[in-house]
Amino acid sequence: MAVSVSDTRTDVPASSSSSPSATLSAWGRIPEKGREVLSEDLERSTLGATLCRGLGRSYGDSSLPANAADRVVATRLANRIVSFDEQTGHLVGEAGVSLAELNRLFLPRQWFTPVTPGTKFVTLGGMVASDVHGKNHHREGCFGAHVQKLRVRLADESVIECSPEEHADLFYGMIGGMGLLGHILRVEFRMHRVPSRWIRAETERVRDLDEFLAGLGRTAPQWPMTMGWIDCLTSGSSMGRGILTAGRWATAEEAPALPPPDPKERTFPIELPNWALNPVTASLFNTAYYWRHMAHRWSGLMTPDAFFYPLDAILHWNRAYGPRGFTQYQCVLPRAAGAAAVREFMFLLTKLGGASPLCVIKDCGPQGQGVLSFPLEGTSIAVDMAVSPDLQRIVDNLNAFVIETGGRIYLTKDRFTRAEHFRAMEPRLAQFVALRDKWDPKRRFRSAQSVRLFGDAA
Amino acid sequence: MKAIIFGGTTGMGRAIARRLAERGDSVFLMGLDTDDLVRSAADLTERHPQRAEVGYAVCDLEKPDGFSAALDAADAFLGEFDAVIVTAAMYATQDALEADVDLVRRLVTVNYANTVVFCEHVRKRLLARGGGHLVVFSSVAGDRGRKPVAIYGSSKAGLSIYLEALDHKFNAAGLAVTCVKPGFVKTGMTAGLKPPPFAGEPDQVARDVVDAMDRRKPLVYTPGIWALVMLVIRSLPRFVMRKIGF
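Chains as they are written, first to last, in my numbering: chain A, 7 to 464; chain Y, 419 to 664.
Excised from the complex, chain A in its bound form:
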């Protein structure tokens, strides 16, 4: 290929042909001014960049530019597998390799990522920066616990490798660090061997919140993967009813001879109007979803896609929320606060009117080593919320409650938390700020979120 002008052109994102009012959005579809630089060559494209983003699946503003003129690099074209060791499962990949691609390539060979979030449309770089967790958090911790080495572009433009042995402070800061200490260029981690390509799952219809919490506690020691869907639109005696799901990889004997069929992906065809998803339709949806699970208990085989990524079956499902956009409120309440705290949180949520069709609850294991990593031992609750005039008030109230219990929120989902609330819920903040002082004293790395929560210059 000729020394293509297209390559050099990507160094000048403000090309005359693109509109000056370009905006970038993440999954919550609330845009910020700015544009992304798309390039296969991260070593070059990250020079001078303030932020990297993967597939834009974080809900809030952590992947959005602090300033419209900032150079934000999209990593999704930097998606080469550098090496894979068929004996040990050791994989080295460029930051833009997606989990969907890893599953497609390696699940047929019976290798799977040690930790997967609820969508496969994430990149390795994003999985590290968010230190994602999954249904197996109580067993395996976050993704960061399985990362062995990172190749990172630092604020002074140098490129170094960090690991638990080498520049360990940077390494643990990068894990869950929202890209604020450096640009992740490559990720090394260990894939897990799985005994088959099927999941053996058990689901149970649960009548109320107490039964739910007891069920999560009961299944966690027996099952490597657990989670629950809560109908948080019901109140009174059936508040907290829902469906509890537990699973493990099926053994070779249990699994059918045939591999799972390729997932059928449908695209949510249009953006619905804002009013389409309202308390009435949401309630109808939840009741239908709850009673679709006719039997009290079901057990059987599921495809990994149906088990891990039920929402990925409908591409662009975020269009259901309409042009107003939405956010997800996700917090973890510490075990010490007890079941009472979870019950109170659900009451508060219902009272504030923040409830929606999607509410997921999960038992978390101990806190990992990532300095700003989200999970801690306790109960994690995630609720989708459409943007409304009330939203800021709802988030403020929920945050005040979470601070009281000693819990915290998940930055990857957040768009509305106030800086003072963040400071109050994050005792590890000083440690992270010290890392920024050491590795990026001029605060080159920044996002719309870091402006809001860390007070970075816009």
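For the record, the hints were derived by calculation from the structure and aren't laboratory data.
There's no promise every hint is true.
Facing chain A, from chain Y, some residues (calculated, C-beta under 7 Å) [unchecked claim]:
#1 Thr-428
#2 Arg-457
#3 Asp-461
#4 Glu-464
#5 Gly-606
#6 Ala-609
Derived pair list, reagent style PhoX-like, types lysine-lysine, alpha-carbon separation capped at 25 Å [unchecked claim]:
#7 A/Lys-39 <-> Y/Lys-604
#8 A/Lys-39 <-> Y/Lys-612
#9 Y/Lys-542 <-> Y/Lys-587
#10 Y/Lys-587 <-> Y/Lys-420
#11 Y/Lys-612 <-> Y/Lys-565
#12 Y/Lys-635 <-> Y/Lys-565
#13 Y/Lys-542 <-> Y/Lys-481
#14 Y/Lys-587 <-> Y/Lys-635
#15 A/Lys-270 <-> Y/Lys-604
Coverage of chain A stretches by chain Y, computed from C-beta distances (three or more under 8 Å per stretch; other residues unrestricted) [stated by the list, open to error]:
#16 44 to 52
#17 76 to 89
A virtual CB, placed ideally from N, CA and C, is assigned to each residue, including glycine.
Assemble chain Y onto chain A, guided by the hints.
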């Protein structure tokens, strides 16, 4: 299939190389930069069902003197290739080209003259071994003289005509020629441009191209909807084309 992909380290070429490697074809890459070729070859090996080694050679469309040596290297590695896919080319916006005549000279030389020279090398080799398949990326920009792609489009128009004639002339002798006309595809080349409606993804293009190869189609618009879009644009009267901005 024993295929060369010239431009296979990036964009649509990368997607095609992956699709071929993943179904077990033998693959050889040509591109500008050795380090980049090494990394792409390793990626393809990990995707190949037999983890087959993937060969590579540096080849630059601005240096036609190197074409023969690169093709020799491919022949040595693959044991006589039978398919060649050319995605390599040069792109610049009309604004950039109008501001720099030297850039114009480079672009039309690379996209037309040197690409045709490369294809002639390939044609001779394939015909000498009884035939094969030549797939070259042209563009929908070559279908009609349009304001935003006056120069780039004309370089692709010349290429499209050459490829069509090649198909007419040598098809009976066993040489299949496929002219690929991608519409707007979201790659590093088009980063920074505002995607129009019907913008495609590289994977979609790769699927269409490999499918067209399997069926020996002489012409493929990808994504498919662009065949319809271009049919409309080709039939617009001249006075309309003068008025509109695309």
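The hints, checked one at a time:
Nearest Cβ of chain A to the Cβ of Y/Thr-428: about 5 Å, under the 7 Å cut. The hint holds. Look at Y/Arg-457: its Cβ gets to within about 6 Å of chain A, closer than 7 Å, so that hint holds up. Interface restraint check: Y/Asp-461 against chain A, minimum CB-CB distance 4 Å, threshold 7 Å, status holds. Contact between Y/Glu-464 and chain A, as hinted, is supported at the beta carbon level, the nearest pair being about 4 Å apart and thus within 7 Å.
A cut of 7 Å between beta carbons decides the hint on Y/Gly-606: the least distance to chain A is about 5 Å, and the hint holds. At about 4 Å, the closest approach between the beta carbon of Y/Ala-609 and any beta carbon in chain A falls short of 7 Å, and the interface hint on this residue holds. For a cut-off of 25 Å, the pair hint linking A/Lys-39 to Y/Lys-604 stands: about 20 Å separates their Cα positions. As the CA atoms of A/Lys-39 and Y/Lys-612 are separated by approximately 14 Å, the hinted pair is consistent with the 25 Å bound.
With a C-alpha separation of about 13 Å, the suggested pairing of Y/Lys-542 with Y/Lys-587 holds against the 25 Å cut-off. Between the alpha carbons of Y/Lys-587 and Y/Lys-420 the distance comes to roughly 24 Å, so the proposed pair stays at or under 25 Å and holds. As the CA atoms of Y/Lys-612 and Y/Lys-565 are separated by approximately 16 Å, the hinted pair is consistent with the 25 Å bound. In summary, the hint linking Y/Lys-635 to Y/Lys-565 is not supported, as the alpha carbons are separated by about 30 Å, beyond the 25 Å threshold.
A threshold of 25 Å between alpha carbons decides the hint, and for Y/Lys-542 with Y/Lys-481 the separation of about 19 Å falls inside it, so the pair holds. Only pairs whose Cα atoms come within 25 Å are accepted, and Y/Lys-587 paired with Y/Lys-635 is accepted, the gap being roughly 15 Å. Distance check on the hinted pair: A/Lys-270 and Y/Lys-604 sit about 23 Å apart at the alpha-carbon level, within 25 Å; holds. Only residues whose C-beta sits within less than 8 Å of a C-beta in chain Y count toward coverage, and the segment 44 to 52 of chain A has 4 of them, enough to reach three; the restraint holds.
Under a criterion of three residues with beta carbons nearer than 8 Å to beta carbons of chain Y, the stated coverage of the segment 76 to 89 of chain A is upheld, 5 such residues being counted.
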